[in-house]
Amino acid sequence: MTDSEKIEKYKKAWEEFQAKMASLRKRRHDFFVRIGEKLDKQKIEKLRDKLKNQ
Amino acid sequence: MNLEEQKNTQEKIETPEEQREAPVVKPEELGEQMLEQSQKEIADFQAEGESEMGNIEKSAAGDGLIIDREDRAEFDSINRETKNAETDLMVAVNDKNQEWDPNGTEPPPIPKEEKWTPDSNFPPPLDDEEKLNPNMDESLLSPGEEELSDKEYFPIETPEFPKNEKTEKENGEQSEFEEIDSELLQMNMDQEKRKRYVEDQKNLPPNAIVYMYNGLNGGYEKALDVINSKVHGVEQRSGPCLSFIPVGQFWKPGGLGFRYALRRDQIAFPGENNPNAVVQIEGEIEDVGKIINESGGLSLAQFEAEVMSAKGTDKNAKLENEINEKLSKFAEVRIELSRINNETAVDQKNKIKELLTDYRTQFLDTGKTVFFSHPDFRHNAHSMGRYLHMKQIENFSPLQVSGEQLIGNEKFGDESENFFNVINKTLSQIESVILEYEEDEKKLQEGDKSERNLAELADVKSKLETINFEKEIISKLKDETKSGLAIIKSSVEDFAKKINSKE
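Chains as they are written, first to last, in my numbering: chain A, 1 to 54; chain B, 1001 to 1503.
Simulated from the structure, these hints should not be mistaken for lab results.
All values derive from a computational prediction rather than experimental measurement.
C-beta atoms are modelled at their ideal positions from N, C-alpha and C, and glycine is treated no differently.
Treat each hint with caution, since some may be false.
As the list claims (entries may be wrong) - A few chain B residues facing chain A, derived, Cβ under 7 Å:
#1 P1027
#2 L1035
#3 A1047
#4 G1049
#5 E1050
#6 D1063
#7 L1065
#8 M1090
#9 A1092
As the list claims (entries may be wrong) - What follows is a list of derived Cβ distance ranges for each label pair:
#10 B:E1325 <-> A:D49: 37 to 45 Å
#11 B:E1465 <-> A:H29: 56 to 64 Å
#12 A:E45 <-> B:N1055: 19 to 27 Å
#13 A:E5 <-> B:E1036: 51 to 59 Å
#14 B:E1272 <-> A:E45: 29 to 37 Å
#15 A:A22 <-> B:E1178: 18 to 26 Å
#16 A:E45 <-> B:K1478: 33 to 41 Å
#17 A:K52 <-> B:I1335: 49 to 57 Å
#18 B:Q1191 <-> A:K52: 54 to 62 Å
#19 A:K46 <-> B:K1476: 45 to 53 Å
#20 B:N1055 <-> A:E5: 17 to 25 Å
#21 B:E1052 <-> A:E15: 47 to 55 Å
#22 A:E37 <-> B:E1325: 26 to 34 Å
#23 A:D49 <-> B:S1059: 18 to 26 Å
Could you put together the complete structure from these sequences and hints?
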């Protein structure tokens, strides 16, 4: 395999790595948004219960 | 690291295109640079995630909120996937086959003699092989393989690599399942390290994720058997079936196994009275465990697990796809069931929690209970007591469903339904105890008015008062569980319809 072929191969692998990391970043961002919403919901339920009991 | 910083970091490394335009840079140097940069990027990514997750967990704990284990597991799974990205890059950069053209006229280079390290793509030399853990139970093998001897169980002989010498590097067919961590494997040969590792797992907080392994002798077919089994996951047989360190068969190319992501409080070490435990740890150094939940297995519809491969496991594309499809279906079921459990029948769930807490503080903890101290029912009351006293108070989940019916048209194996049945049985037992005390009361009232009789009568009256109150609380529990179950069942059935219509 020539040097330029090797470099071409590396380029492709690097792009795939970057794409995978970008997709993981997005997935983690969505995860944090979702978990934040879930915790907010739990918090509201807690407050509602507290109010009910007063 | 913010987006701008990430962008800057990514810009620091020249793209391979730029490198190609600069002939002074050799491909090998570029490869090294890429690997170095990828490791840094992954480390930053993980550190950033851990820090953000840490803040969320801290704030949730402060507000008394609970982060679902499914969510924590998903977060961990995102971190693990960075490893796959890194491995793919490493495979591309380190592919030595590019040095030799199989279609060319030159013979392949003679491989240099390498010293074995845990990262080597070949088994350790014979001299270094020992029986890895003589205390490990045979049933750490996959279900149904207990008949194998220790010799077969622990790969004392050097595992055989495929005879045709077509390694994954040659044909590009290495299994895509994540490889077992070689550092962990190495601990099989170092008891001190293993002890320290187990101790670290033991000291984790209750909501931390702990990995436990079950190795399979039988590769892809065996992994599918486990997935398609009645339990839809690893099943408890005679001895320990899970371990903190992957053992024996994972050394063998072709080996596959399961790695369960359990919450620390789902694991009970010796001496721990852990109400949420589904695995009981045992063994000389407390590194193996038995499944102790009621279904006798860890269903993938309830517990997150992934299939792991040994180094050098050849890919079987058809079965790998089939396994991946099934695992993703289970993941979908787990997420949906968790949502149903969290979001539906919330009122019932809260009321049940309150009732259970009342019952515990008023009766069980003070020892005033009549029902549970009644000699005829002490044994029968055990199952109810487990729900009331140990298992369900803190993390009560009467609406937890196994989801088995969604996967394999199995019986609706429902924890909540078990709970409901136990309540019903308990109520009828309480009623018979009440009848018994009422008869005693009647006899004592009709008897003479001696001091002894009057004292006994006062005692029976007090017991009747207590047990009637016990009955009242347990009746309420029954009502709330019944309506909660109705809601959860209808949600689960809707989900089942949705899943089935997709197929």
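Comparing the hints with the structure gives:
1. P1027: 4 Å, holds
2. L1035: Nearest chain A Cβ about 10 Å off; hint violated.
3. A1047: Constraint on A1047 of chain B not satisfied, violated at 13 Å.
4. G1049: Holds, about 6 Å.
5. E1050: 11 Å, violated
6. D1063: 6 Å, holds
7. L1065: 5 Å, holds
8. M1090: 9 Å, violated
9. A1092: Holds, about 3 Å.
10. B:E1325 <-> A:D49: 37 to 45 Å: Cβ of E1325 of chain B to Cβ of D49 of chain A: about 41 Å, so the range 37 to 45 Å holds.
11. B:E1465 <-> A:H29: 56 to 64 Å: 59 Å, holds
12. A:E45 <-> B:N1055: 19 to 27 Å: Since the Cβ atoms of E45 of chain A and N1055 of chain B sit about 22 Å apart, the hinted range of 19 to 27 Å holds.
13. A:E5 <-> B:E1036: 51 to 59 Å: 22 Å, violated
14. B:E1272 <-> A:E45: 29 to 37 Å: 31 Å, holds
15. A:A22 <-> B:E1178: 18 to 26 Å: 20 Å Cβ-Cβ, so the 18 to 26 Å window holds.
16. A:E45 <-> B:K1478: 33 to 41 Å: 24 Å, violated
17. A:K52 <-> B:I1335: 49 to 57 Å: 30 Å, violated
18. B:Q1191 <-> A:K52: 54 to 62 Å: Given about 56 Å between the Cβ atoms, the range holds.
19. A:K46 <-> B:K1476: 45 to 53 Å: 22 Å, violated
20. B:N1055 <-> A:E5: 17 to 25 Å: At roughly 47 Å between Cβ atoms, E5 of chain A and N1055 of chain B fall outside 17 to 25 Å, so the hint is violated.
21. B:E1052 <-> A:E15: 47 to 55 Å: At roughly 27 Å between Cβ atoms, E15 of chain A and E1052 of chain B fall outside 47 to 55 Å, so the hint is violated.
22. A:E37 <-> B:E1325: 26 to 34 Å: Since E37 of chain A and E1325 of chain B have Cβ atoms about 29 Å apart, the given range 26 to 34 Å holds.
23. A:D49 <-> B:S1059: 18 to 26 Å: 19 Å, holds
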